[in-house]
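A.B. asks: Kindly produce the complete structure, drawing on both the sequences and the hints.
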Amino acid sequence: MAVNKQSAAESQAMTGNEALAEAMRQINPDVVAAYPITPATEIVQIFSSFHADGLVDTELVLVESEHSAMSAVIGASAAGARAMTATSSQGLALMHEMLYIASGSRYPIVMPVVNRALSAPLNIHCDHSDTMGSRDAGWVQIYSENAQEGYDNVIQAIRIAEHNEVQVPVMVMIDGFIISHGMENVFTLDDQTVRSFIGPFKPRFPLLDVDNPVSVGPVDFTDFYFEHKRQHHEAMVKVKPVILEIAEEYAKISGRKYGLFEEYMLDDAEVAVVVISSAAGTTRYVVDKLRRAGVKAGMLKLRVFRPFPAEELAEALQHVKAIAVMDRADSLSAQGGPLFAELRSALFDLPKRPLTTNYIYGLGGRDVPVADIESVFNDLLTTVSTGVAGPKVRFLGVRE
Amino acid sequence: MVASLKELATREDRLTSGHRACAGCGFPIVIKMVLMSTDDPVVVANATGCAEVCTSIYPYTAWNVPWIHSAFENTAASLSGVESAYRSLKKQGKIKDDRPIRFVAFGGDGGTYDIGLQALSGAMERGHQLMYVCYDNGAYMNTGIQRSSATPIGANTTTSPTGKKSFGKVQPRKDLAAIMAAHNIPYVGQASIHNHRDLMTKAEKGFKCDGPAFLNVFAPCRLGWGFDPKNILDICKLAVDSCMWPLFEVENGVWKVNYKPRTKIPVADYLKTQTRFRHLFRPGNEEVLAQIQEDVDRRWERLLEMEAITNKK
Ligand SMILES: Cc1ncc(C[n+]2csc(CCOP(=O)(O)OP(=O)(O)O)c2C)c(N)n1
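Going line by line, the protein sequences match chains A and X.
Just so you know, this note's numbering puts 440 at position 379 of the first sequence, and the rest follows in order with no gaps.
Just so you know, this note's numbering puts 6 at position 1 of the second sequence, and the rest follows in order with no gaps.
Certain hints may be false.
Claimed, not checked - With a straight-line Cα cutoff of 16 Å, these simulated EDC-like cross-link-like pairs (lysine to aspartate or glutamate) come out:
(1) A:K299 / A:E373
(2) X:K317 / X:D239
(3) X:K101 / X:E130
(4) A:K382 / A:E309
(5) A:K357 / A:D328
(6) A:K413 / A:E372
(7) X:K265 / X:E291
(8) X:K95 / A:D118
(9) X:K101 / A:D270
(10) X:K96 / A:E71
(11) X:K37 / X:E17
(12) X:K99 / A:D328
(13) A:K413 / A:E306
(14) X:K99 / A:D270
(15) X:K277 / X:E306
(16) X:K269 / X:D233
(17) A:K357 / A:D440
(18) X:K95 / A:D440
(19) X:K210 / X:D45
(20) A:K290 / A:D197
(21) X:K101 / A:D272
As the list claims (entries may be wrong) - Chain A is faced by these chain X residues, among others (derived, beta-carbon under 10 Å):
(22) V48
(23) F77
(24) N290
As the list claims (entries may be wrong) - Not close to chain X: a few residues of chain A, all C-beta gaps over 12 Å, as computed:
(25) V92
(26) T102
(27) D118
(28) K301
(29) I307
(30) S406
(31) G426
(32) D428
To be clear, the hints were calculated from the coordinates, so they are not data collected in a lab.
From the three backbone atoms N, C-alpha and C, an ideal C-beta is built for every residue, glycine too.
C.D. replies: Here you go:
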């Protein structure tokens, strides 16, 4: 994250959920359909009070389930409206069927998701099992470290989803409770700046254009289904440059610059941790500490998980000797977490591959203290000195 | 007032011919009649099922009006999103057209009585300006004639097959129209395609009422029920004359039976017309037949009572 041009006086103390709701207010979607679920409920509650005070033009559809929330948002998007919802965990799981339909039909929907562990056992705290379970649903996935990033990402997501070459839905994540309910200083843009940045919604084939009737969502058999999926694939390929282009534009209005990922002290790093979302804060702190002690430690914080920026990651990490890949979700493949699998595959083509280890951490909201991240770096230093990576998949902070 | 047949014949076909439904299929008739009941522009939502599959095979479409399908169980929810978008854009002055747009969903009984009941209930409770039409063919036809909660007692389906120890479906039909009426929506109607005047009057009322409307329309399936396509309308008439499928409506809480047969024919006369009930006429199943007649009688009496109670001043 780049340095803010704004002074601290211009920031406001906000929780992650407040920041996301504020972004939604400024976006002023035509339709919001939603259903309560901890820890995302607040987003919709806050948005409902904006609605009750007449601060948005939105039609609020308070549906009877998340499956219906996504269905209503799909209907609204097809009708020609800018439509949003927000959810978490079980809600996202209940939407699963509709996630594929939203993306396969190419509806440019934006959905904040507050990461929370999936049942069973029932738990309301943060991990990434919910959105990692939706990683192949054809959505763009953008993860945020803190409330500021959540706010910035939601606004940029509108432009990404609606980009002519993309037309794919986007989910924007913040970590449940840690960020959703944690207070921090957030710099917001003024309403007019946000509105002119996102521009008006331009639907392509709106159902409400009754004089030009279209059929959307037809049955599509062996002769065309494959071509349509291929088009979806091509759109995903085009997402990366679009994200970067929009990030650049956004930097101009906000002073905050985003990429596909953030590199921290990585240029000359010998050991590095690759991490997603809030645990990056702790990792950055540990990197600083190690650097002061003369250790060449670095961090890579992934922002965009879908599409997966494989070449860019390989390029950024090729010089690192040992890498710890942090997964806040276990794919239960008995081969490590989802980020590990994809990152190792991304590194495979390098002439000289870094040694990699997977750490599954923080499931069900288990705290990630500084000492744990320090132990990861210590393991990496051992790996470098011995030249052996040791056990491939390890667990951090769990009682054996 | 429903237009004359002569005038109806000149109206645009909103669902064109060339779709791939079987000869003698009920749902295309339901859809055509419902869509002919308004001159206003319409947007249609369709549940997964025979109607959707037969009318939309890409790159063709039989729809001359805007149409959306997204999934099986969510049609009421998805249409409520379309309708909300309309209200939002209209309110913001983004839609200039003054003609009101009508919103109508079509789903089979499986997609409506069973898997879509929650989404339907939610949409009705929220009070969207839309009409949901169930074309009730009494089973999951698209997947090959499986029993649904709309399947009548005694019907042979692929998941309630007859056998040495089975006479077909055991349970009576769910009374969906009553469930919809319990939502206190302005209009609920039950109709049948053999009586176009009644069906179209109901559709017209459903389109025009202030709030959500629900229609349940009898829509025989020649393959699943086993009959000669040419007999479809006769079968509908027998269902209504036996009071197996009464024609009624609930307008703002007031129940009205729209057709009372002068002589109520035995339900067996209706059952006999279809192979799905053939086994009931074999020796040993007399009790089942009696049970079906009892069920029909009980429901008919109850309907008349509802009419009497709600019309009391
Ligand atoms: C969630 C889900 N479950 C099951 C199916 C499979 N399915 C598709 S159509 C259908 C039957 C539809 O039956 P009905 O709603 O009665 O309509 P009909 O086919 O009789 O027109 C089923 C079970 C599906 N598409 N989606």
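A.B. asks: All hints, please: hold or fail.
C.D. replies: These are the hints, each one checked on the structure:
no.: 1; hint: A:K299 / A:E373; in the structure: holds, 14 Å
no.: 2; hint: X:K317 / X:D239; in the structure: violated, 35 Å
no.: 3; hint: X:K101 / X:E130; in the structure: violated, 29 Å
no.: 4; hint: A:K382 / A:E309; in the structure: violated, 31 Å
no.: 5; hint: A:K357 / A:D328; in the structure: holds, 10 Å
no.: 6; hint: A:K413 / A:E372; in the structure: holds, 15 Å
no.: 7; hint: X:K265 / X:E291; in the structure: violated, 27 Å
no.: 8; hint: X:K95 / A:D118; in the structure: holds, 11 Å
no.: 9; hint: X:K101 / A:D270; in the structure: holds, 11 Å
no.: 10; hint: X:K96 / A:E71; in the structure: violated, 34 Å
no.: 11; hint: X:K37 / X:E17; in the structure: holds, 10 Å
no.: 12; hint: X:K99 / A:D328; in the structure: violated, 51 Å
no.: 13; hint: A:K413 / A:E306; in the structure: violated, 31 Å
no.: 14; hint: X:K99 / A:D270; in the structure: holds, 12 Å
no.: 15; hint: X:K277 / X:E306; in the structure: violated, 23 Å
no.: 16; hint: X:K269 / X:D233; in the structure: violated, 24 Å
no.: 17; hint: A:K357 / A:D440; in the structure: holds, 14 Å
no.: 18; hint: X:K95 / A:D440; in the structure: violated, 61 Å
no.: 19; hint: X:K210 / X:D45; in the structure: holds, 13 Å
no.: 20; hint: A:K290 / A:D197; in the structure: holds, 13 Å
no.: 21; hint: X:K101 / A:D272; in the structure: holds, 13 Å
no.: 22; hint: V48; in the structure: holds, 5 Å
no.: 23; hint: F77; in the structure: holds, 9 Å
no.: 24; hint: N290; in the structure: violated, 39 Å
no.: 25; hint: V92; in the structure: violated, 5 Å
no.: 26; hint: T102; in the structure: holds, 18 Å
no.: 27; hint: D118; in the structure: violated, 5 Å
no.: 28; hint: K301; in the structure: holds, 28 Å
no.: 29; hint: I307; in the structure: holds, 24 Å
no.: 30; hint: S406; in the structure: holds, 32 Å
no.: 31; hint: G426; in the structure: holds, 30 Å
no.: 32; hint: D428; in the structure: holds, 38 Å
Of the numbered hints listed earlier, those contradicted by the structure are 2, 3, 4, 7, 10, 12, 13, 15, 16, 18, 24, 25, 27.
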